[in-house]
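Each chain, letter by letter, is given below.
Protein chains: 2
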Amino acid sequence: MRFSTRVGSMQASPVRKLVPFATAAKKQGVKVYHLNIGQPDIKTPEGFMKAVKAFDEKVLAYADSVGSEELVQAMIDYYKGYDMTFEKGEILITNGGSEALLFALMTLCSAGENVVIPEPFYTNYNGFATSVDVSIRPITTKAENGFHLPSKEEVLKSIDDKTRAIILSNPGNPTGAVYTVEEMHMLAEVAIEKDLWIVSDEVYREFTYDGLKYTSFGNIKEVEDRVIIVDSVSKRYSACGARIGSLASKNKEFIAQVLKLCQGRLCVPTLEMVGAAELYKTPKSYLEEVNKEYCKRRDTLYDALMEIPGVICKKPTGAFYMQVKLPVENAEDFVIYMLNEFRHNGATTMATPAENFYATPGLGRDEVRLAYILNCDDLKAAAECMKLGLEAYKAAGNK
Amino acid sequence: MRFSTRVGSMQASPVRKLVPFATAAKKQGVKVYHLNIGQPDIKTPEGFMKAVKAFDEKVLAYADSVGSEELVQAMIDYYKGYDMTFEKGEILITNGGSEALLFALMTLCSAGENVVIPEPFYTNYNGFATSVDVSIRPITTKAENGFHLPSKEEVLKSIDDKTRAIILSNPGNPTGAVYTVEEMHMLAEVAIEKDLWIVSDEVYREFTYDGLKYTSFGNIKEVEDRVIIVDSVSKRYSACGARIGSLASKNKEFIAQVLKLCQGRLCVPTLEMVGAAELYKTPKSYLEEVNKEYCKRRDTLYDALMEIPGVICKKPTGAFYMQVKLPVENAEDFVIYMLNEFRHNGATTMATPAENFYATPGLGRDEVRLAYILNCDDLKAAAECMKLGLEAYKAAGNK
Numbered sequence: 001m002r003f004s005t006r007v008g009s010m011q012a013s014p015v016r017k018l019v020p021f022a023t024a025a026k027k028q029g030v031k032v033y034h035l036n037i038g039q040p041d042i043k044t045p046e047g048f049m050k051a052v053k054a055f056d057e058k059v060l061a062y063a064d065s066v067g068s069e070e071l072v073q074a075m076i077d078y079y080k081g082y083d084m085t086f087e088k089g090e091i092l093i094t095n096g097g098s099e100a101l102l103f104a105l106m107t108l109c110s111a112g113e114n115v116v117i118p119e120p121f122y123t124n125y126n127g128f129a130t131s132v133d134v135s136i137r138p139i140t141t142k143a144e145n146g147f148h149l150p151s152k153e154e155v156l157k158s159i160d161d162k163t164r165a166i167i168l169s170n171p172g173n174p175t176g177a178v179y180t181v182e183e184m185h186m187l188a189e190v191a192i193e194k195d196l197w198i199v200s201d202e203v204y205r206e207f208t209y210d211g212l213k214y215t216s217f218g219n220i221k222e223v224e225d226r227v228i229i230v231d232s233v234s235k236r237y238s239a240c241g242a243r244i245g246s247l248a249s250k251n252k253e254f255i256a257q258v259l260k261l262c263q264g265r266l267c268v269p270t271l272e273m274v275g276a277a278e279l280y281k282t283p284k285s286y287l288e289e290v291n292k293e294y295c296k297r298r299d300t301l302y303d304a305l306m307e308i309p310g311v312i313c314k315k316p317t318g319a320f321y322m323q324v325k326l327p328v329e330n331a332e333d334f335v336i337y338m339l340n341e342f343r344h345n346g347a348t349t350m351a352t353p354a355e356n357f358y359a360t361p362g363l364g365r366d367e368v369r370l371a372y373i374l375n376c377d378d379l380k381a382a383a384e385c386m387k388l389g390l391e392a393y394k395a396a397g398n399k
Numbered sequence: 001m002r003f004s005t006r007v008g009s010m011q012a013s014p015v016r017k018l019v020p021f022a023t024a025a026k027k028q029g030v031k032v033y034h035l036n037i038g039q040p041d042i043k044t045p046e047g048f049m050k051a052v053k054a055f056d057e058k059v060l061a062y063a064d065s066v067g068s069e070e071l072v073q074a075m076i077d078y079y080k081g082y083d084m085t086f087e088k089g090e091i092l093i094t095n096g097g098s099e100a101l102l103f104a105l106m107t108l109c110s111a112g113e114n115v116v117i118p119e120p121f122y123t124n125y126n127g128f129a130t131s132v133d134v135s136i137r138p139i140t141t142k143a144e145n146g147f148h149l150p151s152k153e154e155v156l157k158s159i160d161d162k163t164r165a166i167i168l169s170n171p172g173n174p175t176g177a178v179y180t181v182e183e184m185h186m187l188a189e190v191a192i193e194k195d196l197w198i199v200s201d202e203v204y205r206e207f208t209y210d211g212l213k214y215t216s217f218g219n220i221k222e223v224e225d226r227v228i229i230v231d232s233v234s235k236r237y238s239a240c241g242a243r244i245g246s247l248a249s250k251n252k253e254f255i256a257q258v259l260k261l262c263q264g265r266l267c268v269p270t271l272e273m274v275g276a277a278e279l280y281k282t283p284k285s286y287l288e289e290v291n292k293e294y295c296k297r298r299d300t301l302y303d304a305l306m307e308i309p310g311v312i313c314k315k316p317t318g319a320f321y322m323q324v325k326l327p328v329e330n331a332e333d334f335v336i337y338m339l340n341e342f343r344h345n346g347a348t349t350m351a352t353p354a355e356n357f358y359a360t361p362g363l364g365r366d367e368v369r370l371a372y373i374l375n376c377d378d379l380k381a382a383a384e385c386m387k388l389g390l391e392a393y394k395a396a397g398n399k
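Order-wise, the sequence lines are chains A and B.
Quick note: the first sequence, position 359, residue 359 per full-length UniProt numbering, numbers continuous.
Quick note: the second sequence, position 366, residue 366 per full-length UniProt numbering, numbers continuous.
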């Protein structure tokens, strides 16, 4: 008995496939610094559980397929703070940013069509696309220049007559890059010239550093009829387990189409929306505090990495990831070595090998993604571990 | 700018598209008896909210992609009560039965392949299939014989070389039919002969009446390597808003494939799993009470319907729906008439037109689905309304 070609050709999660090695290390009593996952340790605002605990309906009933009125209104108000004016009927609540991305792909692309995405990119983009017979055409970006976009001419080369959309994460996972206003206007021009949609994954909107002013695709009037904003409470409010995301678009026809998918799965969880509505009312000071904390962590990890000979990484300006080129030939082999063999003070560091963040074969083999989601002391210790690990790895004859 | 053919060709939810007519009636002060939706009024067991309220982690973190250990274990124990032995690694928790069905379709069928389903069927089967380029080949069943299956020869006629699976809801939505052990063995034979998967949607497992002994496809040893059981807490525990469903299969290769989709969307909500684990520990007496209540409602509605001249319906033996043939040519027209024009004692009744529950064009135009999810007094009043409404509809010159 066989399976579908689409799911058959999906790769298993590269973030999760090395978990057994980490589990084995922990069973030996080794402390593992997890720089491999995007699960923040920041406290979820208390408003979430407070609202959930106050829920007292006797029947836990279906919600509306578009999402609860209260949550949609809270998001409308939230977007106003970023000069984006969405109305009721222009926002759909989804099961995390994940469902938002999958539904957008299903709605915009027929089987056999494609989307262009700057690489390296969030690996699940690949999974979502493959699972619905959509392919990815990469726009290659490089560690050496902080993963910023190439010229318009280069971008245009990635587009063919089956391209339906540009998808991008801004600030970027895994790169930590924040696109400049010029880059965004260049992409907007391309979208207009080539009649493409723009799916803008902005779940790290508040995570930009160094005083950068954040610009959303929702702020570029010329493309408002072709922009789809993906959001999520997961990272913003450290509520990954709530699985509340959203799609927002001024294009009402898009909303009408994707609503059919939302109606098919009936609704997202009632209680999670009750909690999430409170999250979106969290005072801005919470987000500012979180931003400060991540900025400090970025500096700590970056400074420590710069002490390691041969590491290439431009200081990232957003999200909470760094995509780092290591002085090794095969980063996955090095990550497994760290988990299986290397210990310093009874600890080791786990990174995510980054080859799967690329669509172009062969790229990223010497790169890892690091998430700075630990406190500064642990980040320092983790980087120290990596430094010594790299020395030991080389000394053992590895390239 | 265009949309994908798959989503473009999906129909809007037939259950939800008449809602505006009901809303308009209510604005006029009319009481609407909603027999059109499957939202039970039964109290959700208190264990759900109790467990949720006791949750006190500071960070609402991602759960495991396969589901929480506690919920999976609770389900393993639950299945034991039905002589089904599943182990850890054979159950995946999903965002409702909806995601379970969608993921099963994506995993089993490549674009352009098909599944066979007895019609009339749950309309969202059609939506899920269309949204991933899978088509449905119907096995037609009829009101006159209680929507039981035709002969094996007839069933075989529905299968072609692109058929990958048989999907069925048992007990049936919208038919209320419970397949006999003979029917199930016939389908099992067909699945073996034609090398097909069986996706068995058993979310109404506890809703069988008249002392019928329920048989699951999970009890038929010969097909255990090709059976996928879909479940949900929605109807079982009146927890539709929790959106907790599951896939269970002894076929480990299937689980490994579909797990890739589960990993792509990371996890289902952490808190909902905390609550759902409690639901699956609810004493059986709760389910027995609920069964008694629905049985009483079925009898009430059925007896009242039998008072209406020209109505054709064999007494259903499961779920909480009846698929009813009305003495009209166009049931949708009649449903709209009821909402727009007919009132009795300031009330009217809303049914779901059933044409969209069929894949064969033209079938079901004179049928409606009724959900007996109201108390017995309301059901009687709703049926009385329909009876008088039908008389008035005919008297007004409608056919």
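Errors might be hidden in some of the hints.
[As the list claims (entries may be wrong)] In silico DSSO-like links for lysine-lysine, alpha-carbon gap of 30 angstroms or less:
no., chain 1, residue 1, chain 2, residue 2
1, B, 284, A, 58
2, A, 26, B, 58
3, B, 88, A, 31
4, A, 17, A, 380
[Said to hold, decoys possible] Covered by chain A, according to a simulated footprint, are these stretches of chain B (three or more residues, beta-carbon under 8 angstroms):
no., region
5, 129-139
6, 263-272
7, 384-392
[Claimed, not checked] Chain A residues, not near chain B, derived (Cβ > 12 angstroms throughout):
no., residue
8, 45
9, 58
10, 123
11, 292
12, 296
Derived from the structure by calculation, the hints contain no laboratory data.
Ideal placement from N, C-alpha and C gives every residue a C-beta, glycine not left out.
Consistency of the hints with the structure:
no., hint, verdict
1, B:284 - A:58, "holds, 20 angstroms"
2, A:26 - B:58, "holds, 23 angstroms"
3, B:88 - A:31, "holds, 27 angstroms"
4, A:17 - A:380, "holds, 25 angstroms"
5, 129-139, "holds (count 3)"
6, 263-272, "holds (count 10)"
7, 384-392, "violated (count 0)"
8, 45, "violated, 10 angstroms"
9, 58, "violated, 5 angstroms"
10, 123, "violated, 9 angstroms"
11, 292, "holds, 18 angstroms"
12, 296, "holds, 19 angstroms"
In this structure, the earlier hints numbered 7, 8, 9 and 10 are contradicted, and the remaining ones agree with it.
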